[in-house]
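Colleague: Next come the chains, spelled out residue by residue.
Number of protein chains: 2
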Amino acid sequence: MFPILLEFIRLKHPFHYLRRMKALVLHTLHQDLDFTDIPTPVPRAGEVLVRLRAAALNRRDWWITQGQYSKIQLPVILGSDGVGEYRGKAVLINPALDWGSDPRAQGKEFRVLGLPDDGTFAEFIRIPRANLAPKPEHLNWEQAAALPLAGLTAYRTLFSRCRLQAGEQVLITGVGGGVALMAMQFALAAGAKVWVSSGDPLKLEKAVALGAQGGANYREADWDKSLKAESGGFDVVIDSAGGDGFAPLLNLCKPGARIGVYGGSLGKINGLSPQILFWKQISILGSTMGTPAEFRRMLAFVTRHRIVPVVDSVFALADGNAALARIAGGEQLGKIVLQI
Amino acid sequence: MFPILLEFIRLKHPFHYLRRMKALVLHTLHQDLDFTDIPTPVPRAGEVLVRLRAAALNRRDWWITQGQYSKIQLPVILGSDGVGEYRGKAVLINPALDWGSDPRAQGKEFRVLGLPDDGTFAEFIRIPRANLAPKPEHLNWEQAAALPLAGLTAYRTLFSRCRLQAGEQVLITGVGGGVALMAMQFALAAGAKVWVSSGDPLKLEKAVALGAQGGANYREADWDKSLKAESGGFDVVIDSAGGDGFAPLLNLCKPGARIGVYGGSLGKINGLSPQILFWKQISILGSTMGTPAEFRRMLAFVTRHRIVPVVDSVFALADGNAALARIAGGEQLGKIVLQI
Numbered sequence: 341m342f343p344i345l346l347e348f349i350r351l352k353h354p355f356h357y358l359r360r361m362k363a364l365v366l367h368t369l370h371q372d373l374d375f376t377d378i379p380t381p382v383p384r385a386g387e388v389l390v391r392l393r394a395a396a397l398n399r400r401d402w403w404i405t406q407g408q409y410s411k412i413q414l415p416v417i418l419g420s421d422g423v424g425e426y427r428g429k430a431v432l433i434n435p436a437l438d439w440g441s442d443p444r445a446q447g448k449e450f451r452v453l454g455l456p457d458d459g460t461f462a463e464f465i466r467i468p469r470a471n472l473a474p475k476p477e478h479l480n481w482e483q484a485a486a487l488p489l490a491g492l493t494a495y496r497t498l499f500s501r502c503r504l505q506a507g508e509q510v511l512i513t514g515v516g517g518g519v520a521l522m523a524m525q526f527a528l529a530a531g532a533k534v535w536v537s538s539g540d541p542l543k544l545e546k547a548v549a550l551g552a553q554g555g556a557n558y559r560e561a562d563w564d565k566s567l568k569a570e571s572g573g574f575d576v577v578i579d580s581a582g583g584d585g586f587a588p589l590l591n592l593c594k595p596g597a598r599i600g601v602y603g604g605s606l607g608k609i610n611g612l613s614p615q616i617l618f619w620k621q622i623s624i625l626g627s628t629m630g631t632p633a634e635f636r637r638m639l640a641f642v643t644r645h646r647i648v649p650v651v652d653s654v655f656a657l658a659d660g661n662a663a664l665a666r667i668a669g670g671e672q673l674g675k676i677v678l679q680i
Numbered sequence: 341m342f343p344i345l346l347e348f349i350r351l352k353h354p355f356h357y358l359r360r361m362k363a364l365v366l367h368t369l370h371q372d373l374d375f376t377d378i379p380t381p382v383p384r385a386g387e388v389l390v391r392l393r394a395a396a397l398n399r400r401d402w403w404i405t406q407g408q409y410s411k412i413q414l415p416v417i418l419g420s421d422g423v424g425e426y427r428g429k430a431v432l433i434n435p436a437l438d439w440g441s442d443p444r445a446q447g448k449e450f451r452v453l454g455l456p457d458d459g460t461f462a463e464f465i466r467i468p469r470a471n472l473a474p475k476p477e478h479l480n481w482e483q484a485a486a487l488p489l490a491g492l493t494a495y496r497t498l499f500s501r502c503r504l505q506a507g508e509q510v511l512i513t514g515v516g517g518g519v520a521l522m523a524m525q526f527a528l529a530a531g532a533k534v535w536v537s538s539g540d541p542l543k544l545e546k547a548v549a550l551g552a553q554g555g556a557n558y559r560e561a562d563w564d565k566s567l568k569a570e571s572g573g574f575d576v577v578i579d580s581a582g583g584d585g586f587a588p589l590l591n592l593c594k595p596g597a598r599i600g601v602y603g604g605s606l607g608k609i610n611g612l613s614p615q616i617l618f619w620k621q622i623s624i625l626g627s628t629m630g631t632p633a634e635f636r637r638m639l640a641f642v643t644r645h646r647i648v649p650v651v652d653s654v655f656a657l658a659d660g661n662a663a664l665a666r667i668a669g670g671e672q673l674g675k676i677v678l679q680i
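From first to last, the protein sequence lines stand for chains U and L.
Numbering of the first sequence is given in the working numbering, commencing with residue 341 and proceeding in unit increments.
Numbering of the second sequence is given in the working numbering, commencing with residue 341 and proceeding in unit increments.
Don't read these hints as lab results, they were simulated from the structure.
Model, not experiment: these values are computed from the prediction.
Hints may be right or wrong, so weigh each one.
Any copy will do: because identical chains look the same in the list, a pair fits if it lies in one copy or spans two.
Claimed, not checked - Keeping only pairs whose Cα atoms sit at most 27 Å apart, straight-line, the calculated DSS-like set for lysine-lysine is:
(1) K448 to K608
(2) K411 to K568
(3) K608 to K565
(4) K568 to K608
(5) K594 to K533
(6) K594 to K608
All chains, please: the whole structure from these sequences, using the hints.
Modeller: What follows is the structure in structure tokens.
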């Protein structure tokens with residue numbers, strides 16, 4: 341009874357509306373985020389106020405600042421990934437809002453936290469209580485902040501969509517990105533053999549140090565043929581690039597392979613052979629975010645296997661623009677985190 | 341005991357090797373099939389000799405004559421579809437040889453009957469006993485001959501791969517072809533609402549007469565936008581064309597849609613948007629032929645729903661070249677059958 345009463349007083353007290361917080365606000369496209377003081381948000385029905393301790397960046401945040409997203413509404417506080425405290429407990433935020441009733445696809449009300457809803461690059465956030473989960477205890481704030489969006493995306497793509505089995509061979513393209521690296525860690529934990537590709541030899545080395553069987557540099561001639569010879573081909577391929585590098589992935593597939601697609605940073609796919617597609621019985625499976633049940637299963641999987649997300653770098657909230665510049669440059673390996 | 345003895349005498353009797361039969365033999369690419377007398381084949385271990393009563397053509401037969409197939413070995417008797425008599429019983433031939441142990445994809449030993457193994461355009465065929473099934477009783481010889489390859493392909497694509505459910509909306513592109521028309525009949529029998537596309541208004545009319553909700557002529561401007569407005573979008577799309585008409589199909593998909601691809605007559609797919617693919621959680625599923633279990637399930641489905649394959653035209657075996665010319669022209673609606 342006592343905590344409920346306190347909550348009531350906190351939320352309903354008129355002085356609440358006078359409370360202010362630090363936040364990174366996007367006012368104008370193509371300009372820096374504004375590190376500023378704004379009113380602390382007021383939770384609505386079904387929502388709670390979380391005191392954030394760390395947030396993490398996703399490419400999505402950068403693209404929004406560049407106007408590369410539909411239905412941008414300004415001003416907005418960016419940020420999909422966050423961990424913090426609610427009633428003295430460490431909580432992780434599920435950034436998938438209002439998925440809907442169909443596990444196959446999100447409904448019309450679905451949003452990713454951080455646009456249009458204000459996100460995690462702030463001291464406080466109002467968030468549906470249903471989107472909170474306990475923070476895995478083996479992770480510190482920064483590691484936990486790195487998990488939600490990338491973990492959910494990787495989990496749904498690998499397991500719900502591609503139905504990865506232990507012992508299968510997996511290729512993860514562009515292994516620098518947060519989801520790609522998380523997918524690699526998840527696939528390894530699930531007992532798969534994982535190969536990676538990147539244009540950066542350093543990233544390939546690091547991926548091998550983390551457990552990958554091998555890596556291929558897609559800037560080298562015939563990298564795909566060498567990789568096929570070395571690996572024998574793949575049961576599952578995870579890609580977020582698309583573009584002209586996608587069609588050759590079909591040659592790397594074993595019969596019955598599944599290609600999970602969760603992004604398309606290099607644009608449209610050309611030269612895709614329907615003959616290889618049907619003769620090898622390949623499945624190309626689009627995937628984005630995931631259901632509340634998938635979020636819970638992902639957290640259970642991470643906890644059971646004591647997976648620690650790879651943190652590339654940590655910035656103070658006040659240095660959010662430097663963090664955005666780092667994700668824009670594409671040099672990172674793993675997640676870029678903001679301490680709050 | 342007595343039939344086994346008879347079989348032994350028939351197979352082992354030296355005069356058997358002197359028996360001859362009529363067959364359509366492909367000796368040389370880009371030339372007519374040769375309607376000629378050749379020795380009746382001699383079954384090997386596990387095989388039986390079937391007296392054929394009807395065969396049906398597939399585009400594959402035409403493509404082989406044009407050299408558009410890998411590993412062509414000549415001379416060969418073409419033909420994947422056949423029905424006939426074995427020990428006084430009416431039997432249907434499963435044209436999928438040695439699928440292998442993995443239901444997800446055919447193994448390395450897999451062949452489609454009619455290359456390299458001699459096919460059904462002949463009076464007799466030797467065929468593994470395991471590839472025989474009872475002819476559905478509601479079908480005559482010509483209708484039954486129209487069923488095996490197209491039925492198996494349509495069944496696996498629609499049900500095993502795309503997991504079509506009753507009440508879903510289906511688009512079948514290029515409805516003139518044998519598999520497309522069969523897929524339409526199967527989807528209707530399964531309780532789906534079916535739309536079709538074609539470049540030929542007559543085929544659209546006939547498809548509607550057979551139960552389709554509506555048809556779109558893809559030679560008309562904005563046919564896809566009109567079709568989306570009319571239908572509300574599709575849960576399942578079945579395509580065998582690929583080419584530049586494939587990418588716009590993604591716009592016609594509902595969230596969670598599955599696109600089954602069993603052919604690629606218009607060549608490579610260009611301009612495919614990974615963003616639409618992942619945001620709508622679309623699955624693009626290559627499919628070809630099917631397992632022995634799928635063949636049995638297809639026959640049970642056809643029998644239960646008393647589905648009668650659409651026969652476009654019937655030719656005598658001696659007129660096989662005219663039949664090939666008809667499939668090459670693409671004017672047919674349904675299967676082209678040879679009476680034997």
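Colleague: Hint by hint, which ones does the structure fall short of?
Modeller: Of the numbered hints, all hold.
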